[in-house]
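Asks: Quick note, the sequences are listed as chains S and Z, same order. Under the numbering used here, the first residue of the first sequence carries the number 1, and numbering increases by one thereafter. Under the numbering used here, the first residue of the second sequence carries the number 1, and numbering increases by one thereafter.
What the hints contain is simulated information worked out from the structure, not anything from laboratory work. Cβ atoms here follow ideal geometry from the backbone N, Cα and C, with glycine treated the same way. Treat the hints loosely; a few may be bogus.
Derived DSS-like pairs: lysine-lysine, alpha-carbon spacing no greater than 27 Å straight-line [said to hold, decoys possible]:
| hint | chain 1 | residue 1 | chain 2 | residue 2 |
| --- | --- | --- | --- | --- |
| 1 | Z | Lys90 | S | Lys162 |
| 2 | S | Lys278 | Z | Lys90 |
| 3 | S | Lys278 | S | Lys162 |
So the derived label-pair ranges between C-beta atoms look like this [as the list claims (entries may be wrong)]:
| hint | chain 1 | residue 1 | chain 2 | residue 2 | range |
| --- | --- | --- | --- | --- | --- |
| 4 | Z | Gly91 | S | Pro116 | 47 to 57 Å |
| 5 | S | Ala248 | Z | Lys90 | 29 to 39 Å |
| 6 | S | Arg289 | Z | Leu278 | 18 to 28 Å |
| 7 | S | Pro116 | Z | Leu278 | 52 to 62 Å |
| 8 | Z | Arg89 | S | Leu282 | 21 to 31 Å |
| 9 | S | Val273 | Z | Trp165 | 28 to 38 Å |
| 10 | Z | Ala274 | S | Gly54 | 28 to 38 Å |
Chain by chain, the residues:
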Amino acid sequence: MTYLLHLGVMLGLYAMLALSANMSIGYGGLLTLATAAFYGMGAYLYAWLTATAGWSFLAALPSTLAGAALSGFLFAQVALRFRSEAFTVATMAVQTIAFGVFCNWTDVTGGAYGFPDIPRPSIFGLAFDSQGAFCALTLASAAAVALLAWLFGRTRFALALKALRDDEPAAATLGIAPRRVFTVAMVLSAAMAALPGALFAAYVSYVDPTGFSIGESVLVLAMLVVGGSGNLRGPVVGAAILVLLPEALRFAGLPAEVAGPVREMTYGILLVVLMYLKPRGLAGEYAIR
Amino acid sequence: MELLLQLLANGLVQGAMVACLAAGFGIVYRALRVFHVAMGAQFVFSSYAFYTLAGVLGWNPWVAGTAAVVASVAFALALEFAVYRPFARKGCSGGAAMVASLGVLIFTENALALVFGNEVKTIPHPPPGMFALGPVKLTSLQLLQFVVCATLFVVVGGLMGRGRWFKASWALGDEPRLVHALALPMGALRAWTVSLGGVLVAVPALLVSADTGMDPHEGLRWLLVASMASFFGGSGSYWAWGVGALAIGAAQAFAVWRLPAQWSDAVAFTLLLAALALRPGGLFGAPRRPEEMA
Chain S
1 MTYLLHLGVM
11 LGLYAMLALS
21 ANMSIGYGGL
31 LTLATAAFYG
41 MGAYLYAWLT
51 ATAGWSFLAA
61 LPSTLAGAAL
71 SGFLFAQVAL
81 RFRSEAFTVA
91 TMAVQTIAFG
101 VFCNWTDVTG
111 GAYGFPDIPR
121 PSIFGLAFDS
131 QGAFCALTLA
141 SAAAVALLAW
151 LFGRTRFALA
161 LKALRDDEPA
171 AATLGIAPRR
181 VFTVAMVLSA
191 AMAALPGALF
201 AAYVSYVDPT
211 GFSIGESVLV
221 LAMLVVGGSG
231 NLRGPVVGAA
241 ILVLLPEALR
251 FAGLPAEVAG
261 PVREMTYGIL
271 LVVLMYLKPR
281 GLAGEYAIR
Chain Z
1 MELLLQLLAN
11 GLVQGAMVAC
21 LAAGFGIVYR
31 ALRVFHVAMG
41 AQFVFSSYAF
51 YTLAGVLGWN
61 PWVAGTAAVV
71 ASVAFALALE
81 FAVYRPFARK
91 GCSGGAAMVA
101 SLGVLIFTEN
111 ALALVFGNEV
121 KTIPHPPPGM
131 FALGPVKLTS
141 LQLLQFVVCA
151 TLFVVVGGLM
161 GRGRWFKASW
171 ALGDEPRLVH
181 ALALPMGALR
191 AWTVSLGGVL
201 VAVPALLVSA
211 DTGMDPHEGL
221 RWLLVASMAS
231 FFGGSGSYWA
241 WGVGALAIGA
251 AQAFAVWRLP
261 AQWSDAVAFT
271 LLLAALALRP
281 GGLFGAPRRP
291 EEMA
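This is chain Z alone, in the form it adopts within the complex:
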């Protein structure tokens, strides 16, 4: 029983981080209608920005973290202006934009590998403290990961229903033509959406890299985790992404109960794929036939 509670706690920590990533992926995918593969590039870019500032230049970790989030937003805006917007203006297909986004991911990962090398980089820090909550033990870094990511996800989710720009960003995904009809600034709204996505991706990226280090080629794995969470929850609901993320976190945590840790991704993806095959629209999405997804 103690082991199960410990695994559940680990799953919640992982799920909170995946929830932010799923939201960072989902809002861009939903609003811009681009399968945001470059989210993986944002993940590794912000991790390495944090590593450079905190690990190499020795900045205070909080200042370095804030600067890395700003760098992630700058990266997102550059992506929007250099790739996504020109593709949208030209009327390129979603598949074309997705492949271009994949190109950005490949370019970024390898540019980072060229500069920093392919080996895992870690940011030196004192051993984290250990907290016991009954039978469950978490490190101070795990607690920080959970608190920061869960708070960010809930705050952004709350604002999605209240803040003017947040609501407009969501509406952009529902009906893009209404944005023009309501005289909302389409360009600024797109830039705002990718920036918000940049924040939602950067924060868990920094917390993951502070814990386990980073290598330049892990972006695609996190993209897959985030997109699976988003699809599993159902692409039409912000809170459903959180449920999908918790399911992935729990599946990864519980996979190590009976199997070696390196099987966790394979087991989690197998379970989610099986569940998605039974309900292709996601847990909270409307049931759809495959051809309706095209």
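With the rest of the complex left out, here is chain S:
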């Protein structure tokens, strides 16, 4: 049962991450590889606020999201100077810079030794210290993010974002301001990535930089490629498949040192095959251009 609850937590966390990346990639057409930078920022910021500054969950979480949103705003000011592949390179650079900070700013992050003793959340006296309670909290958060994403998809703003994605100069002639709209999307995306970061930190009570490398950003991208993007279904389907796939390999009896690389190799093959045969993914609306 503990194992299933752990899977539920992971599913919730990655669904939120995939929905975050979907905001930039699926709705905005901005292929980012910096999702893990904001995921990590959420984890470290939450860890510092709760474990070092002694803030409560309810105070630390909104502050974490606000901090990530501000970082997303600053990130957008630089990254939106570019488009297409140059944008992706800029996001890779930001991811590398963030990872360097996680690894080397040891006074705050603990560096390679990690950040220990992060408290489990407690809301109005209700402690989420059991596996079941935390799984419920994570899935409820994922459901709330999915609901907000669904509502977002019905707004005029989402239509404007999609219009920019499909033809930026044409959309701009219709009065849509690319920089403003893309900036808002990237701010939302950053905050959405920080939420699972904070929950992850609270869940494992310890964070180190290995969980926030560019490999994690690639994994989230793979979720959008497999499941699809540009709508609500695709990212959730992709997250479910890529969270459950390693578990299937586990039951296949492969030793851990083999299962890890085999899982990653499978992601690699999926990226090539799906981009060729099904560029919209299994349930998406947008084909990466």
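Assemble chain Z onto chain S, guided by the hints.
Replies: Just chain Z now, kept in the frame of chain S:
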């Protein structure tokens, strides 16, 4: 002053290697219109080919190095025929090809991790000699890295303006439709271009791995370094890639002046990103608005 000269020399060595990588990335990106993420896969593949031949089988390092370069070219051709060409024939988007190229990188890195393990592998060699050029001290391996990579970069750059296939490869990036109009063999030209890229990536890869060893997951870092150099110089000029590479080499070398060495990548990328934000077309590229890059 001596320290600054030493850092400058280190930056030049690093810059020469990055210049070859930037050229290996840039010519494929430019000619095939594919953001060549699998360049990182070529980097680690050729490093491990060298390790297998020289470190495990005990071949002479020069013979092993030559064979590893050939292996890199074979890898590049396999990539072209199995991935890039089918994607081009189907008319897939640049983004789709880029993600597929990323898939090749992930597959290759993890296949190597499966075979060789995740730990750093080194090729045993006697301690390199030390050369003093005034106040600057370089190891024989650093000198070899600089001489070989600078020579390769300059020779290929010279041929880009003279050799028929080199010029055709460059022209392919300028105007692909002209290749058909001039009755040039498109398929052979693409294969030639990725092969040339394979050589330009393999040579610095071998020299880096001989110096500091290799691990299967360093391909993405080198891809980022190479692509940043290419974009920073400006994607339309071969020599500009060299300038971008020297800027990265210098930034990485000078970062360790005031900060611990592990900050060098973060500092270098921050500086380059800031510079690129001010001039998105690169140092020698024409100024462009963001939407023009799409």
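Asks: Evaluate each hint against the coordinates.
Replies: Hints, verified against the model:
1. Z:Lys90 with S:Lys162: Given that 27 Å is the threshold and the Cα spacing comes to 25 Å, the pair holds.
2. S:Lys278 with Z:Lys90: Satisfied, since the Cα-Cα distance of roughly 12 Å is no more than 27 Å.
3. S:Lys278 with S:Lys162: Answer holds: lysine 278 (chain S) to lysine 162 (chain S) is near 20 Å, not above 27 Å.
4. Z:Gly91 with S:Pro116: 47 to 57 Å: At 52 Å between Cβs, range holds.
5. S:Ala248 with Z:Lys90: 29 to 39 Å: Since alanine 248 (chain S) and lysine 90 (chain Z) have Cβ atoms about 30 Å apart, the given range 29 to 39 Å holds.
6. S:Arg289 with Z:Leu278: 18 to 28 Å: 27 Å, holds
7. S:Pro116 with Z:Leu278: 52 to 62 Å: 41 Å, violated
8. Z:Arg89 with S:Leu282: 21 to 31 Å: Distance hint for arginine 89 (chain Z), leucine 282 (chain S) holds at roughly 24 Å.
9. S:Val273 with Z:Trp165: 28 to 38 Å: Once the Cβ atoms are compared, 33 Å apart, the range 28 to 38 Å for tryptophan 165 (chain Z) and valine 273 (chain S) holds.
10. Z:Ala274 with S:Gly54: 28 to 38 Å: 36 Å, holds
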